[in-house]
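Here the protein sequences come in this chain order: B and R.
Letter by letter, the first sequence follows residues 1 to 207 of UniProt numbering.
Letter by letter, the second sequence follows residues 1 to 207 of UniProt numbering.
Hints are not guaranteed to be accurate.
In this list, chains with the same sequence are indistinguishable; a pair is considered to hold if it fits within one copy or across any two.
20 Å max Cα-Cα, derived SDA-like pairs, lysine to any residue [stated by the list, open to error]:
1) Lys-144 with Gly-110
2) Lys-193 with Gln-183
3) Lys-193 with Arg-204
4) Lys-199 with Pro-27
5) Lys-199 with Ala-163
6) Lys-193 with Pro-182
FYI, nobody ran anything at the bench for these hints, they're computed from the structure.
Each chain is listed here by its residues.
There are 2 protein chains.
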Amino acid sequence: MRIVIPLFDRFTALDAVGPYEVLKFLPGAEIVFAATESGPVRDAPTSLAVTADATFADIDSCDVLLVPGGPGTRGLVQNDELLDWIRRMHQGSIWTTSVCTGSLLLGAAGLLTGLSATTHWAAIDVLESFGATYTAERVVFQGKIVTAAGVSSGIDMALALAAHITDQTTAEAIQLAIEYDPQPPFDAGSPAKASQAVKDLLARGIH
Amino acid sequence: MRIVIPLFDRFTALDAVGPYEVLKFLPGAEIVFAATESGPVRDAPTSLAVTADATFADIDSCDVLLVPGGPGTRGLVQNDELLDWIRRMHQGSIWTTSVCTGSLLLGAAGLLTGLSATTHWAAIDVLESFGATYTAERVVFQGKIVTAAGVSSGIDMALALAAHITDQTTAEAIQLAIEYDPQPPFDAGSPAKASQAVKDLLARGIH
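Just chain B, same shape as in the assembly (with noise of 0.2 Å):
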């Protein structure tokens, strides 16, 4: 089972890595992150960098597509080249996913078209103007296409899909392998729980 990850400049590390570390332990899994260039693709100019071992040209298809989302994504929604190749690996693919707003990324490429799909919740009215229609769930499952919502969703996403693929019993040992009890010491993790004093700093910038 081949699945692919695409990078790049500016993407969000934990979108790609929450779900790789679920779906490496699938039987058969080989993970290849790709880019358009091999080499290290950065998240944000001074910080972490993943290496793509491909070039989007190396990889024909994929039976798994994990895009994954960052502010990179807001410049390559007119990106034809990418948009190519996600909607050539969409037609071969089993599973055609996307975390955070790499979810922009599929509707761009005309994949989410009246469709029900999630993003991170400060980019609903941009995941909505390719016309999809955005639900507020943390996962959503519409035939092979599978859309989790902000940054960290993409480990819940995998799980899901891990059960999809294998059976729930495989899923829950990957959930017991990277000890995925989450116990967040706050309760502000979406805009219906989060103070507007927490919102506030959030719209100011924390830096």
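Based on these hints, arrange chain R on the given structure of chain B.
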């Protein structure tokens, strides 16, 4: 605030990237990935590589040391060069932290003697062999040393740490930014919650 994350062959990517995605939001955060040599460091022979932008020798001190775990830790608990470096970082740190079996490296460096600590549930005996007392909590604060349980627990740890470094409102704003409102599809994330069938499968090996 300089946050240093050491990398080594066969580290677990989510151990490092989960907390990274939280701590990068801290005001003034400068996060540096370091390794014996600079360049890509792989979590397993054929999968993911994160770039080390500095060598251990480049780093004289840091404010936060964050040691990830992974299969590679087992061979490193006798690596004097790395353990010396960890002790040196700890001398000047404000916080010394670990995720998963990263605590084995803190233990091997002699930092956990007589302290309560946590680790991945499968590494409890090794942790205790270094004189620590295992505590079945997801995040354990002992003075300036903070240990987290397996893999995904680093996100919970980093949010708690963020609140200590700044304040709860800031930590909650980070939680909202990464939409960390976990909804695992199953409830098998700890040995106390997983069924015997799940534990048996994991013991046999999922692959």
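Evaluation of the provided hints:
1. When the C-alpha separation of Lys-144 and Gly-110 is checked against a cutoff of 20 Å, the pair qualifies only within one copy, where the shortest distance is 15 Å, while the shortest distance between copies is 50 Å.
2. In the homo-oligomer, the alpha carbons of Lys-193 and Gln-183 lie at most 20 Å apart both inside one protomer (15 Å) and across protomers (14 Å), since each shortest distance falls under that limit.
3. Proximity of Lys-193 and Arg-204 under a CA criterion of 20 Å is satisfied intra-copy only: 19 Å inside one chain copy versus 40 Å between copies.
4. With identical chains, the CA atoms of Lys-199 and Pro-27 are at most 20 Å apart between copies only, with a shortest distance of 17 Å across copies and 41 Å within one.
5. In this assembly of identical chains, the alpha carbons of Lys-199 and Ala-163 lie at most 20 Å apart only when taken from different copies (16 Å versus 35 Å within one copy).
6. Taking the closest pair of Cα atoms, Lys-193 and Pro-182 come within 20 Å of each other both inside a single copy (17 Å) and across two copies (12 Å).
When held up to the earlier numbered hints, the structure conflicts with none and fits them all.
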